[in-house]
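Generate the whole structure from the sequences, applying the supplied hints.
2 protein chains.
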Amino acid sequence: MNEQLRLENVRLVLMRLEETIIFSLIERAQFKHNDVIYKADAFGGVLEGESLVGFLLLECERSQAKVRRFTSPDEHPFHADLPEPILPPLRYEENPLLPNDINFNARVRDVYEKEIVPRVCAGGDDGQYGSSSVCDVSCLQALSRRVHYGKFVAESKFRARPREYGSAIAAGDRDALLGLLSDPVVEKEVLQRVDLKTRTYGRDPVSKESVSRLESQVVVDLYSRWVIPLNKEVQVAYLLSRDTTRTS
Amino acid sequence: MNEQLRLENVRLVLMRLEETIIFSLIERAQFKHNDVIYKADAFGGVLEGESLVGFLLLECERSQAKVRRFTSPDEHPFHADLPEPILPPLRYEENPLLPNDINFNARVRDVYEKEIVPRVCAGGDDGQYGSSSVCDVSCLQALSRRVHYGKFVAESKFRARPREYGSAIAAGDRDALLGLLSDPVVEKEVLQRVDLKTRTYGRDPVSKESVSRLESQVVVDLYSRWVIPLNKEVQVAYLLSRDTTRTS
Chain L
7 MNEQLRLENV RLVLMRLEET IIFSLIERAQ FKHNDVIYKA DAFGGVLEGE SLVGFLLLEC
67 ERSQAKVRRF TSPDEHPFHA DLPEPILPPL RYEENPLLPN DINFNARVRD VYEKEIVPRV
127 CAGGDDGQYG SSSVCDVSCL QALSRRVHYG KFVAESKFRA RPREYGSAIA AGDRDALLGL
187 LSDPVVEKEV LQRVDLKTRT YGRDPVSKES VSRLESQVVV DLYSRWVIPL NKEVQVAYLL
247 SRDTTRTS
Chain P
7 MNEQLRLENV RLVLMRLEET IIFSLIERAQ FKHNDVIYKA DAFGGVLEGE SLVGFLLLEC
67 ERSQAKVRRF TSPDEHPFHA DLPEPILPPL RYEENPLLPN DINFNARVRD VYEKEIVPRV
127 CAGGDDGQYG SSSVCDVSCL QALSRRVHYG KFVAESKFRA RPREYGSAIA AGDRDALLGL
187 LSDPVVEKEV LQRVDLKTRT YGRDPVSKES VSRLESQVVV DLYSRWVIPL NKEVQVAYLL
247 SRDTTRTS
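Taken in sequence, the protein lines are chains L and P. Each residue of the first sequence is one higher than the one before, starting from 7 at the first, in our numbering. Each residue of the second sequence is one higher than the one before, starting from 7 at the first, in our numbering.
No lab work stands behind these hints, which were simulated from the structure alone. It is possible that part of the hints are untrue.
[To be verified] PhoX-like, lysine-lysine: derived pairs with alpha carbons at most 25 Å apart:
hint	chain 1	residue 1	chain 2	residue 2
1	L	Lys72	P	Lys194
2	P	Lys120	P	Lys214
3	L	Lys38	L	Lys238
4	L	Lys120	L	Lys214
5	P	Lys238	P	Lys194
6	P	Lys214	L	Lys72
7	P	Lys45	L	Lys45
8	P	Lys120	P	Lys38
9	L	Lys214	P	Lys45
10	L	Lys194	L	Lys238
11	L	Lys38	P	Lys45
12	L	Lys120	L	Lys238
13	P	Lys194	L	Lys214
14	P	Lys45	P	Lys238
15	L	Lys194	P	Lys214
16	P	Lys238	L	Lys72
Pasting the structure below:
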């Protein structure tokens, strides 16, 4: 079996992404909400119709597209019409996923801007628009990677139980698929882990009485309400798009 | 006195930057050295004569220049000839620094690529060129901000003791300035703090027997050998460029 698809390897990637997400959110939490950076055309219409965050994300994706970021099966852009790579194609190890164009980034961005930022940041405006937006780009890219890694999870689970998944896919039965791929024990472990990690990384270890820079409950909620459900939606979408005639 | 210049506020900024630097280095340490990303023209000369890291840094600075990052007195670009801002100028609170064009980023980049990356990362090549380069851009920008914040430190110290600094500046006496601005007790506290912070943030709190993702001694060395000395060099350069006839 492809090493990338071993379920323990997939889980190691997801666990390591917890640090990336928590670190990025702690960085963002330095600054206030700064709502204006999420409003399209708030800065006089010079940002290609985008908000400040959207514009910096677009510019960042253009640069990264040139160096072929989005040719990797675990990366998904937020914007369309990006430039072609200027680097020659990299030969990835055999891509274990089936061809698909599943991209949940519109949802990821919507949830991030409307639900997550207001919980992570203090309300108000501190004028730190550029710094906040740079942090937002990191948070969005980390969350996108976490959510879309569901494709690898799903392919891994499918290959372990092709018959059960195959019949649910053939029947187009989303509920059956959700039941098959859900693992409440693992989900509970994820929440316990992000709770402990946020409490550890969010507090200055030097001054013991320091206030946490990021409430661990915010990260637990973010995982339980959005990250895990969106990841499972990606899994279902990927499985339903799967060609069941392909042997594993 | 300008609030931004109160020495305790300057030190709070520097302390908070320790998290930013340590988080960025932990992220970079996920990947191997990947030496090829630091070699200009390693990718066939399509990257404007830059290495992959240099190209992504240039592209990032171009985007950020458009949204006026480098009009802020605490931000310094690595590249020249960046685009003009497309946003209208932001009125910063009175910039407390004297006009100057001190920029140590060539040194920061050289030290980062030659000294820091080989200590932070395992040797070898894992093919994760894009991910490594994105982390490098974050590390470089955080280190640059830390080093150049010496300008605020120096202005703050000058205003507290204008006569002592004034005569050393008038005499062009670098050693006297270094003596005046150095504070061995504070420097020792910085090293103790980054040691404890790296040990706390670098280790997975869930599996107690886990290996640290980043050796704390590497960060202590990085601070004692480069961050603190370069910050002090910035302070000296800023003080020597200071117009001593200006009253504080």
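Status of each hint after checking the structure:
Proximity of L/Lys72 to P/Lys194 is assessed by CA-CA distance (about 44 Å); at most 25 Å being required, the pair is judged violated. With a C-alpha separation of about 33 Å, the suggested pair P/Lys120 and P/Lys214 falls outside the 25 Å cut-off, and the hint is violated. Pair hint L/Lys38 plus L/Lys238 does not hold up; C-alpha atoms about 31 Å apart against a cutoff of 25 Å. Restraint check for L/Lys120 and L/Lys214: the C-alpha separation of about 33 Å exceeds 25 Å, so the hint is violated.
Taken as a hint, the P/Lys238 and P/Lys194 pair is honoured in the structure, with Cα atoms around 15 Å apart against an allowance of 25 Å. Only pairs whose Cα atoms come within 25 Å are accepted, and P/Lys214 paired with L/Lys72 is rejected, the gap being roughly 41 Å. Between P/Lys45 and L/Lys45 the CA atoms are separated by roughly 40 Å; this puts the pair beyond 25 Å, and the hint is violated. Using a Cα cut-off of 25 Å, the hinted pair P/Lys120 and P/Lys38 holds, with the two alpha carbons roughly 14 Å apart.
Simply put, L/Lys214 and P/Lys45 have alpha-carbon atoms about 44 Å apart, too far for the 25 Å limit, and the pair is violated. Between L/Lys194 and L/Lys238 the alpha-carbon distance is near 15 Å, which keeps this suggested pair within the 25 Å criterion. The suggested pairing of L/Lys38 with P/Lys45 is violated, with an alpha-carbon distance near 39 Å, which exceeds 25 Å. A threshold of 25 Å between alpha carbons decides the hint, and for L/Lys120 with L/Lys238 the separation of about 21 Å falls inside it, so the pair holds.
Annotation: proposed proximity of P/Lys194 to L/Lys214 holds, straight-line Cα distance about 19 Å (limit 25 Å). At most 25 Å may separate the alpha-carbon atoms for a hinted pair to count; P/Lys45 and P/Lys238 exceed this at roughly 30 Å. Only pairs whose Cα atoms come within 25 Å are accepted, and L/Lys194 paired with P/Lys214 is accepted, the gap being roughly 19 Å. The hinted pair formed by P/Lys238 and L/Lys72 fails the criterion: a straight-line CA distance of about 38 Å is larger than 25 Å.
Violated hints, in rising order: 1, 2, 3, 4, 6, 7, 9, 11, 14, 16; the structure is consistent with all others.
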